[in-house]
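Order-wise, the sequence lines are chains F and H.
Under this note's numbering, the first residue of the first sequence is numbered 3, with each subsequent residue one higher.
Under this note's numbering, the first residue of the second sequence is numbered 3, with each subsequent residue one higher.
Hints are supplied without guarantee of correctness; some may be wrong.
It does not matter which identical chain is used: a pair holds within one copy or between any two.
Derived SDA-like pairs (lysine to any residue); straight-line CA-CA distance at most 25 angstroms [as the list claims (entries may be wrong)]:
hint, residue 1, residue 2
1, Lys344, Pro298
2, Lys344, Asp27
3, Lys344, Gln61
4, Lys140, Asp128
5, Lys344, Ala40
6, Lys344, Arg29
7, Lys95, Pro115
8, Lys344, Ala34
9, Lys344, Asp296
10, Lys344, Arg60
11, Lys344, Met3
12, Lys140, Ala118
13, Lys344, Ala123
The set of hints was computed from the structure by calculation and includes no laboratory data.
Computed from a prediction, not measured in an experiment: that's the story for all the values here.
Protein chains: 2
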Amino acid sequence: MRVGVIGGGQLARMMIPAAIELGVDLRVLAEADGMAAALAARQVGDYTDTETVLAFARQVDVVTFDHEHVPQDVLHAMVDAGVAVHPGPDALKVAQDKLLMRRRLSELGLPVPDWARIESAAELDDFIAVHGGAAVVKTPRGGYDGKGVRMVRSAAEVGEWFTTIAEDGRGGALLVEELVDFRRELAQVVARRPSGEVAAWPVVETVQVGGVCSEVIAPAPRSAGRLADVAADVAISIAEGLGVTGVLAVELFETTDDRILVNELAMRPHNSGHWSMDGSTTSQFEQHLRAVLDLPLGGTGCHADWAVMVNILGGPEEGTLVERYDEALEGHPTVKLHNYGKEPRPGRKVGHVTAIGDNLDDVVYEARAAAAVFQD
Amino acid sequence: MRVGVIGGGQLARMMIPAAIELGVDLRVLAEADGMAAALAARQVGDYTDTETVLAFARQVDVVTFDHEHVPQDVLHAMVDAGVAVHPGPDALKVAQDKLLMRRRLSELGLPVPDWARIESAAELDDFIAVHGGAAVVKTPRGGYDGKGVRMVRSAAEVGEWFTTIAEDGRGGALLVEELVDFRRELAQVVARRPSGEVAAWPVVETVQVGGVCSEVIAPAPRSAGRLADVAADVAISIAEGLGVTGVLAVELFETTDDRILVNELAMRPHNSGHWSMDGSTTSQFEQHLRAVLDLPLGGTGCHADWAVMVNILGGPEEGTLVERYDEALEGHPTVKLHNYGKEPRPGRKVGHVTAIGDNLDDVVYEARAAAAVFQD
Numbered sequence: 003m004r005v006g007v008i009g010g011g012q013l014a015r016m017m018i019p020a021a022i023e024l025g026v027d028l029r030v031l032a033e034a035d036g037m038a039a040a041l042a043a044r045q046v047g048d049y050t051d052t053e054t055v056l057a058f059a060r061q062v063d064v065v066t067f068d069h070e071h072v073p074q075d076v077l078h079a080m081v082d083a084g085v086a087v088h089p090g091p092d093a094l095k096v097a098q099d100k101l102l103m104r105r106r107l108s109e110l111g112l113p114v115p116d117w118a119r120i121e122s123a124a125e126l127d128d129f130i131a132v133h134g135g136a137a138v139v140k141t142p143r144g145g146y147d148g149k150g151v152r153m154v155r156s157a158a159e160v161g162e163w164f165t166t167i168a169e170d171g172r173g174g175a176l177l178v179e180e181l182v183d184f185r186r187e188l189a190q191v192v193a194r195r196p197s198g199e200v201a202a203w204p205v206v207e208t209v210q211v212g213g214v215c216s217e218v219i220a221p222a223p224r225s226a227g228r229l230a231d232v233a234a235d236v237a238i239s240i241a242e243g244l245g246v247t248g249v250l251a252v253e254l255f256e257t258t259d260d261r262i263l264v265n266e267l268a269m270r271p272h273n274s275g276h277w278s279m280d281g282s283t284t285s286q287f288e289q290h291l292r293a294v295l296d297l298p299l300g301g302t303g304c305h306a307d308w309a310v311m312v313n314i315l316g317g318p319e320e321g322t323l324v325e326r327y328d329e330a331l332e333g334h335p336t337v338k339l340h341n342y343g344k345e346p347r348p349g350r351k352v353g354h355v356t357a358i359g360d361n362l363d364d365v366v367y368e369a370r371a372a373a374a375v376f377q378d
Numbered sequence: 003m004r005v006g007v008i009g010g011g012q013l014a015r016m017m018i019p020a021a022i023e024l025g026v027d028l029r030v031l032a033e034a035d036g037m038a039a040a041l042a043a044r045q046v047g048d049y050t051d052t053e054t055v056l057a058f059a060r061q062v063d064v065v066t067f068d069h070e071h072v073p074q075d076v077l078h079a080m081v082d083a084g085v086a087v088h089p090g091p092d093a094l095k096v097a098q099d100k101l102l103m104r105r106r107l108s109e110l111g112l113p114v115p116d117w118a119r120i121e122s123a124a125e126l127d128d129f130i131a132v133h134g135g136a137a138v139v140k141t142p143r144g145g146y147d148g149k150g151v152r153m154v155r156s157a158a159e160v161g162e163w164f165t166t167i168a169e170d171g172r173g174g175a176l177l178v179e180e181l182v183d184f185r186r187e188l189a190q191v192v193a194r195r196p197s198g199e200v201a202a203w204p205v206v207e208t209v210q211v212g213g214v215c216s217e218v219i220a221p222a223p224r225s226a227g228r229l230a231d232v233a234a235d236v237a238i239s240i241a242e243g244l245g246v247t248g249v250l251a252v253e254l255f256e257t258t259d260d261r262i263l264v265n266e267l268a269m270r271p272h273n274s275g276h277w278s279m280d281g282s283t284t285s286q287f288e289q290h291l292r293a294v295l296d297l298p299l300g301g302t303g304c305h306a307d308w309a310v311m312v313n314i315l316g317g318p319e320e321g322t323l324v325e326r327y328d329e330a331l332e333g334h335p336t337v338k339l340h341n342y343g344k345e346p347r348p349g350r351k352v353g354h355v356t357a358i359g360d361n362l363d364d365v366v367y368e369a370r371a372a373a374a375v376f377q378d
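Extracted from the complex, chain F is given alone in its bound form (with noise of 0.2 angstroms):
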């Protein structure tokens, strides 16, 4: 069994372990040399290069990614040479672009906040006036992270959105979206195998600074019932509803009025199902290698009532983590530690840690205080 994975960051990455245990052979191409997933990159080149990725994609049996960057007419190029590819093409593309992804998610009739395509400042100016005086304006294309994503009070605010767009030659647009008054953001995580199978681990409430995920909470406090089961229906609608295969996660506002609305999707592993490497039965980087390989899915349950997910952000100002590792691992002898090999930057991901237990207090704690080693 040969997957390939396109993208070299660190959810390929995580993912070498998972196919070392499944005997599954996994291979990375990669965008340069040194990257998180180095240990399994066979080849570095450029993903958007059909000949490059086409040439990679016929060492293995299926393709799938660490990103959802792949232009279209390169994952269609895999597609009309025989490959497998999970998730597809038009799957992907809903992912790839906010506006078909608001409009599909409305076709289906899933909750989402209000939401229009604009193309002018006026227009903007327009749903900004008759939602409460404030909207979320998002660029359709190539955001991730909170960027690309701003909220505005005029037009005037993303005035150079507009000269970017009108230059691109896509035909473009902007999206808006109503400035959503949550009380939480909740995210469900989900595979589906092209054969059909789903499953769900329980949704968790996630806790983001500037834009990046910042902390994780499984399952979410006060979820069980209703709230679970709205959430798994929404997650698994998409992903039967779009025909996405492998993992899906469904990013969720919790409203103030109590209603659940899809923010984003990211069609891969995700940041809010990082605890599941440590917390559940299955890591989500296991399920989604086996999601793409058709292979029946594994266990979602939990080892224990609570998993926290601590990001490690940005990293020590100077020095590399490893230099903090006598003082982690000793404070801190049961949270796990998860290093992805990257160099400290300021905001970037460069690892995550997880604690379990019975207790939340406990475990929120444990996580945020092994977590804060390693920052400054």
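Keeping the supplied structure of chain F fixed, place chain H upon it in accordance with the hints.
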């Protein structure tokens, strides 16, 4: 942090996932191409050749092992060259020579079966005569998985062994031990850092078939209290007494008259500790890396009341493990499968499965049933 592992078998393979998560650059010196740990193999070479091993060792911070067969002169050459070697030559010497092992354990006052060093058939027959008409004869070196071990009622049954030791030019002798009347076999796995810290998992029950480990139950049923304390004390005394660094597995007999006797030692991760990968906060492979790097050790608590590991011995008579995945994974979604990437061959350890849970009958059933899918 660069760790070099001499030997490319499944133990080295299972260190790779732990190395990835800890951010350890693991480099394997494999005996041949295509071995279980091939993904991390930086070099293929002869571990009995000093120059080969020294060249490999110079690339890493610490050298450790997949097996105990590296010759003493090669080990000492590394130490003399300033390489950190864990476990060190003096400890490994005891694991390499069962006569020396019995002598050192006796000197440490640890409980062992009655034993003697014998050089002749007459000495062996005398030992048998005073030990109830039967004894276990072992070649001091090179035995594993039941090889080099024979139960005899007369020296004539191992006549050819006396010929061999007379010819090997090392002042040959055999080890003879009383045939222990045991209720069951146990194993105690511990880890020890160079700076002294030790950690112990719960004592486990092991089931051997034809001298090969078949099944492990963690913790050993009815072991809470005195039995667990004695087993941990014995193993920690051995680790400290022999100066073992890294993981140490101590195979034990629980006799019908309620004594605990030391059977064999392994100074590396061991089959009796595989359950820890899925059942404990810290796997024996992560703990081994932490120990040989002199990092603080991880917690050894359990995710559930019981973990049961069953080896996949031999595998299918025809075909591969992968061809049975649909049946195994669909029928046993909570069982964790570990495929060593080796060709099936009668009696060969090609993988294992682990189930965990709070009802021992269910856990045993699940693990055995999942493993059985892979055997004809």
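Each hint tested on the structure:
1. Lys344 x Pro298: Answer is between: at 22 angstroms across copies they meet the 25 angstroms cutoff, but 33 angstroms inside does not.
2. Lys344 x Asp27: both (23 angstroms within a copy, 13 angstroms between copies)
3. Lys344 x Gln61: between (28 angstroms within a copy, 21 angstroms between copies)
4. Lys140 x Asp128: within (16 angstroms within a copy, 89 angstroms between copies)
5. Lys344 x Ala40: both (11 angstroms within a copy, 24 angstroms between copies)
6. Lys344 x Arg29: Intra 19 angstroms, inter 18 angstroms, cutoff 25 angstroms: intra and inter.
7. Lys95 x Pro115: within (20 angstroms within a copy, 69 angstroms between copies)
8. Lys344 x Ala34: within (13 angstroms within a copy, 31 angstroms between copies)
9. Lys344 x Asp296: Close across copies (22 angstroms), not inside one copy (32 angstroms); limit 25 angstroms.
10. Lys344 x Arg60: between (29 angstroms within a copy, 24 angstroms between copies)
11. Lys344 x Met3: Classified as between; 13 angstroms across copies, 28 angstroms inside a copy.
12. Lys140 x Ala118: Close inside one copy (11 angstroms), not across copies (80 angstroms); limit 25 angstroms.
13. Lys344 x Ala123: neither (40 angstroms within a copy, 63 angstroms between copies)
When the structure is compared with the earlier hints, a violation turns up for hint 13 alone.
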